[in-house]
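Using the sequences and the hints, build the whole thing.
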Amino acid sequence: MAVLDKKPKSLDLSEEFRRPGRGITDFLDKNRRALSALLVFVILMLFFLIANPKVFLGTGIYEAVFTSLPIRIVLVLPLVFVIVSGEIDLSFVSNMTLSLWAFAATAKAGWNPFLSALLAVSVGGFVGLVNGLLVTRVGLPSLMTTLGMSFLLQGLAIGGARGPGTTGIPLTFLEGTPFYNIFVGRIGNLPAQMVWALVFLVVATLLFNYHKFGSHVCCVGDNLESSREMGIHTARVKTLAFVYMGMAAGIAGVLYGLIYGVFFARFKPGDLMLAVLASAFIGGTPTWGGVGTMIGALFGACTVRFIQTGIIEAGLTGFWTQFFNGLIVLLALAAHKLHEPRYRY
Amino acid sequence: METRFLELKNISKSFGRVSALDQVNFFIKGESEIVALIGDNGAGKSTLIKIISGVYTPDSGEIHIRGEKVDRWSVTQARAAGIETVYQDRALVLQQTIARNIFMGRERTGVLGFVKGRLQLAEADRLMRTIGFTSRVFAADSVVAKLSGGERQGVAIARALYFQADLMILDEPTTALSLTESEKVCDFIRRAKEGGTSCIFISHNIYHAYDVAERFVVLDRGKVVLETDRQHTTAEQLVKDMQEIARCNQEGSA
Amino acid sequence: MFIILAAAMVFVVASGEIDLSFGSIVGLAGWAFALTLEAGLSPCLGVLFAVIVGALAGFINGVIVTRLGLSSLVSTLGMGFLIRGLINVGTQGEGTPVTFLRDTPFYNTFIGNIRGFPVHMLWALGFVALSVLLFNYHKFGTRISCVGDNLESSREMGINVATIKTLAFVYVGIASAIVAIQFTLTNQIFYPTIGEGLLMIVLAAVFVGGTPGWGGIGTIMGAALGACIVGVITSGIVAAGISHLFTDFFYGLIMILALMGHKLNEPRYRY
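Residue numbers (my numbering), protein chains in the order written: chain A, 1 to 345; chain B, 1 to 254; chain C, 1 to 271.
Keep in mind that a hint or two might mislead.
Stated by the list, open to error - Straight-line Cα separation of at most 27 Å, BS3-like style, residue types lysine-lysine; simulated pairs:
{"id": "1", "chain 1": "B", "residue 1": "Lys29", "chain 2": "B", "residue 2": "Lys69"}
{"id": "2", "chain 1": "B", "residue 1": "Lys50", "chain 2": "B", "residue 2": "Lys223"}
{"id": "3", "chain 1": "B", "residue 1": "Lys9", "chain 2": "B", "residue 2": "Lys193"}
{"id": "4", "chain 1": "A", "residue 1": "Lys212", "chain 2": "B", "residue 2": "Lys146"}
{"id": "5", "chain 1": "B", "residue 1": "Lys146", "chain 2": "A", "residue 2": "Lys30"}
{"id": "6", "chain 1": "B", "residue 1": "Lys223", "chain 2": "B", "residue 2": "Lys29"}
{"id": "7", "chain 1": "B", "residue 1": "Lys116", "chain 2": "A", "residue 2": "Lys212"}
{"id": "8", "chain 1": "B", "residue 1": "Lys69", "chain 2": "B", "residue 2": "Lys50"}
{"id": "9", "chain 1": "B", "residue 1": "Lys193", "chain 2": "B", "residue 2": "Lys50"}
{"id": "10", "chain 1": "B", "residue 1": "Lys50", "chain 2": "B", "residue 2": "Lys116"}
{"id": "11", "chain 1": "B", "residue 1": "Lys116", "chain 2": "A", "residue 2": "Lys30"}
{"id": "12", "chain 1": "B", "residue 1": "Lys146", "chain 2": "B", "residue 2": "Lys116"}
As the list claims (entries may be wrong) - Pulled a few chain A residues facing chain C out of the computed Cβ check, cut under 8 Å:
{"id": "13", "residue": "Trp111"}
{"id": "14", "residue": "Leu143"}
{"id": "15", "residue": "Met144"}
{"id": "16", "residue": "Leu152"}
{"id": "17", "residue": "Thr321"}
{"id": "18", "residue": "Phe323"}
{"id": "19", "residue": "Asn325"}
{"id": "20", "residue": "Gly326"}
{"id": "21", "residue": "Ala334"}
Source of the hints: derived by calculation from the structure; they are not laboratory data.
For every residue, glycine included, the Cβ atom is placed at its ideal position computed from N, Cα and C.
What follows is the structure, encoded as structure tokens:
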């Protein structure tokens, strides 16, 4: 007695779909956010190219940027998942520090670095799980909870590493090892971590746009009640997003340790946290959840990173970075806001 | 008598000391039909449909599906039997596409959980054409927020239909809709019936109900007080009967 | 001292928003204070300028959130960094000593002792009392609660939502200025990083004190109490023999535990 036969006879789409020109307008419409983020980035780079062509046409600067950009990419992509699901995570940098400590301490103690890395990712993932459970099972607001976690984790790392005064744990002994070369070695002039970051991007994009999980994350962030009524396991979806974030923090931690050669407990989370958050929002993911973009976040991260570079190249002192980061966040938010209506309901 | 799809016999349900339903008998025929469930606030309509869809368990009475008695009726069982409820809030996610809304929680997936996007799109598209979305302004990959109230209701109904609903329960589907939109919704319901899906239609609006339904069941304070059909009454008569019932209530409680 | 900030924050949180920039506003107001002193002007003028600067910063926050409609979380986070960057750029990282103010009547009004009782506690008490009056007994406070509870309904009932929210931010700005002055006088120096690290403590105090994160409800006394509790923690940690390095850890832990406690205690009427 069913209305429709579930087995489709063909994958023919109706006339509306076959209208010529639809492809382009459709593409522009669907990818509006990512495209705006790209536009912002392109404008920024053009500005830099004109202002200082010598520096920006050379390779040196890109080598420097590609060394540290991967960490931000790895952090921002899962953050978009969390934000789209309707929550926020402010603890990821402290999580990164803690995971790095796990890595550094065990690597120094003689563990196989691959195992240490695995431990770091597990620690990160576990923290993510705790965050997820606090938000979904206990029902705490994610903003305050992850803010609290951020301090809790930072404190753990500092206290555990016995003192901010110490220089931390140097990891230079890892230089030259196969482990090191695989993850942060050089391919020609290109730092390997950039390649890994792009792999991570591909996986994240597939997950977000083509997988059931991405679909659920969007639904849950869009309307929690509706998702629940339709049988989506909302607690599980949100928790998984947090775990993903946590594991990425672990990965970022290991990368950080390899790139900079040291674990330093007193690492101030503030700047990096803002940079990554800014990347997500400049990248076009709105604060209210339900919609987001991976590629946009990539361009957002690039934009933020290059701003930092640009400031230095323009001869301004490092103090201006904070100022500009803050300014860019505000401008980007305002721009996206004007750009796209929020369907309030 | 041909097998009825659904039969409720002597169903009673109380919440604390409040009796919501009292010895109610209700049925849905074997062949598709549209039944309007009418009554004032507090008459027991919501409770009745929640029992049918498995949300509540009756205190006493029997439920029969396709001639067979069922024990421990639940939402999962109801869904498996082909009963879908379209609630007032419609359970939609507005910033997502129509296709995603339709397949929410029941995505068509392939290997490793990856969604068959093109398939969902095609299915959603076909569904919409069948239901009667003739607008050229949007398609299956349009965002639901762009649709009007009646169209959104259409999406929710389409979703219920796609998942092989044999019985679709609509709770106040035309409330807060414009005239044209209400007409569209009524249209969707008629088509659903033509396709073989029965409908229970709860409404305060007797005229809408009369327009669409063939049979009318009127509840008052937990009891069925009137059962009639199109052949035996008119909309005006129904309205008069409702007012009579309401007046009796007032006098009764005076 | 941060009791003052906690009390003011309750207004913002109860209105349904959050302010993560107050630490930087403290810095900005302090800077304004130091600048006026450097220019040789009377410290009272310094106070005035600091308060104006703080209020202005709060006003800008309010405008961004209400007129531009940006999320308060992200915009105040951004503002915080923007302001801090501004301070750093302007001061080039250098502080301004104000030791010459010691023992002046001005100093004693703000920081000194009255028969052994620290004056700044009196200021804190006074501010708390004012906040309690405003929040619990004044039109402003009731409207804040309405706005935080249900924005649409408040608007429909004629409450100027934008003004109310902005005023809450301005209040926090003023409180930040007061704190800035107190800090500067106590330490006898203004340094550009003043106010950093306050974020956690103040937020912890507010939430430990029982003001929930979702708005509509708030308690000033609770926040004041929360501030005391949190303050005691620092001393308590040292006294218990745990390394002071774990301070951050405990702040975070207390905050989460407090959130959980309140959650179990009070249902949120989700609608």
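Let's test the interface hint: is any C-beta of chain C closer than 8 Å to that of Thr321 (chain A)?
holds (7 Å)
Between Lys29 (chain B) and Lys69 (chain B), does the CA-CA distance stay at or below 27 Å?
The given pair, whose Cα atoms are some 16 Å apart, holds under the 27 Å limit.
May I ask you to test the interface hint for Met144 (chain A) with respect to chain C, counting a Cβ-Cβ separation under 8 Å as satisfied?
Holds. Min distance 5 Å.
Given hint Lys30 (chain A) paired with Lys146 (chain B) - CA-CA distance at most 27 Å:
holds (14 Å)
Given the hint that Lys9 (chain B) pairs with Lys193 (chain B), test it: the Cα-Cα distance must not exceed 27 Å.
Judged against 27 Å, a Cα distance of about 24 Å means the pair holds.
Take a quick look at whether Lys146 (chain B) and Lys116 (chain B) sit within 27 Å of each other, Cα to Cα.
holds (24 Å)
Proposed interface contact between Leu143 (chain A) and chain C, which counts if any beta carbon pair is under 8 Å:
holds (6 Å)
Would you check whether Gly326 (chain A) satisfies its interface hint, that is, whether its CB is within less than 8 Å of any CB in chain C?
holds (3 Å)
Given the hint that Lys223 (chain B) pairs with Lys29 (chain B), test it: the Cα-Cα distance must not exceed 27 Å.
holds (20 Å)
Go through the hint on Leu152 (chain A) and say holds or violated, using the shortest Cβ distance to chain C against 8 Å.
holds (3 Å)
Straight-line Cα separation of Lys193 (chain B) and Lys50 (chain B) no greater than 27 Å?
holds (21 Å)
Agreement of Lys116 (chain B) and Lys30 (chain A) with the hint, judged by alpha carbon distance not exceeding 27 Å:
It holds: about 18 Å lies between the C-alpha atoms, which stays within 27 Å.
Hints 10, 13 from the earlier list are contradicted by this structure; the remaining hints agree with it.
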